[in-house]
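**Student:** First to last, the sequence lines map onto chains F and E.
The working numbering applies: residue 1 is where the first sequence begins, and numbers increase by one.
The working numbering applies: residue 1001 is where the second sequence begins, and numbers increase by one.
Be a bit skeptical, because a hint or two may be false.
Below, simulated DSSO-like cross-link-like pairs (lysine-lysine); rule was C-alpha separation at most 30 Å, straight line [unchecked claim]:
#, chain 1, residue 1, chain 2, residue 2
1, E, LYS1109, F, LYS95
2, F, LYS127, F, LYS181
3, F, LYS181, F, LYS95
4, F, LYS127, F, LYS95
5, E, LYS1109, F, LYS127
Since the hints were derived computationally from the structure, they do not count as laboratory data.
All figures in this text were calculated on a predicted structure; none of them were measured in a lab.
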Amino acid sequence: MRSFAQWPAPLSGGGTSEEQALTFNQGREQRLLVLPALFDEANKLRRQTVEVMHRLDLSGIDSFLPDLPGCNESAQPLEAQTLESWRETAVAAAKYFDATHLLTIRSGALLAPGGLPGWRYAPHGGKQLLRSMLRARTIAAREAGREETIADLDATGRADGIELAGWQLGAELFSALSDSKTPASETLADIPSDAVPGAGLWLRAEPDEDPEQSDAIAAIIAIALSES
Amino acid sequence: MDREPVTDGTENTPTEDSEAPSGLAPSRHAIDVQLRSILCDVLGLDSDDVEQFDNDTGLFGHLPELDSMAVAGLLTEMEDRMDIIIEDDDVDGEMLETYGGLLTFAEAKVIEG
Chain F
1 MRSFAQWPAP LSGGGTSEEQ ALTFNQGREQ RLLVLPALFD EANKLRRQTV
51 EVMHRLDLSG IDSFLPDLPG CNESAQPLEA QTLESWRETA VAAAKYFDAT
101 HLLTIRSGAL LAPGGLPGWR YAPHGGKQLL RSMLRARTIA AREAGREETI
151 ADLDATGRAD GIELAGWQLG AELFSALSDS KTPASETLAD IPSDAVPGAG
201 LWLRAEPDED PEQSDAIAAI IAIALSES
Chain E
1001 MDREPVTDGT ENTPTEDSEA PSGLAPSRHA IDVQLRSILC DVLGLDSDDV
1051 EQFDNDTGLF GHLPELDSMA VAGLLTEMED RMDIIIEDDD VDGEMLETYG
1101 GLLTFAEAKV IEG
């Protein structure tokens, strides 16, 4: 059954922050940590992500979707977060929830802790994620009669941090994401895109869900785990 | 606001520009198909609806789904799938106003690339 748990996420400056996690937890043997997509893509894919977790629950698999500090329900400021601190968050969450497996969604692939086997759904790096967000800002600026260029905004973001599409990104996070291509992984298998029918929901202008896609993603994981 | 695509209201009768697929050069037809598929994915519209788009079908400012974030996603997806680079200066009202404008732009970029 779906519920929420509080868990102590480590912060970049030391200490911890009580963050929320959406969980399907019955203390079962197979326990999947889900690292969500980032920013706007997280919103567009959250419902779909939880639909996948719900299906895994019905297949006897526990799963955990932690809030990263600065994201979702977190009370921490987003601009204080770094890619490195989020990676530590992911390691801590895997430990706290006793995860046996991992599922990363989109740019969540950048945060994958080493050592856990699992899957990546539509992995990509930070570079393109930011390119879309930078472009959205230049288009909005142009509509408002201001001229902004992606190159100038990129320089600003790297030096001082920047607000993109409502997300206040610190310089360190912005730079690290800008320089991140889709990472390679030896322990995680990519869910084949042709196994998931239709187009990715992160492309959509509005959040949505797609039962067939949720079925496909959950089935790939559940079948693999039932054989392990 | 309804979610129907805004068209010029006329039936999608073939004209010299919008005739498909036999009237199009192969490359233009291929780009046309690819662009419709991207719009479908980004706007979450049925392919039947997007099939009805003609050169005068309004996009930015006409489709409620297409806000600046969605336009950015659309352009980034075009870059990925068509293997093109879209510069800041390329993005203007004209190219985004109608389906025909976007198609012409995509075609020029693919040829240039």
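**Student:** Now tell me, hint by hint, if it's right for this structure.
**Tutor:** Hint by hint, here is what the structure shows:
1. At roughly 49 Å between alpha-carbon atoms, LYS1109(E) and LYS95(F) are farther apart than 30 Å, so this suggested pair is violated.
2. Of the pairs offered as hints, the one joining LYS127(F) and LYS181(F) holds, with about 6 Å between alpha carbons and a cut-off of 30 Å not exceeded.
3. A C-alpha spacing of about 26 Å is found between LYS181(F) and LYS95(F), which places the hinted pair at or below 30 Å, so the restraint holds.
4. Simply put, LYS127(F) and LYS95(F) have alpha-carbon atoms about 29 Å apart, close enough for the 30 Å limit, and the pair holds.
5. The suggested pairing of LYS1109(E) with LYS127(F) holds, with an alpha-carbon distance near 22 Å, which does not exceed 30 Å.
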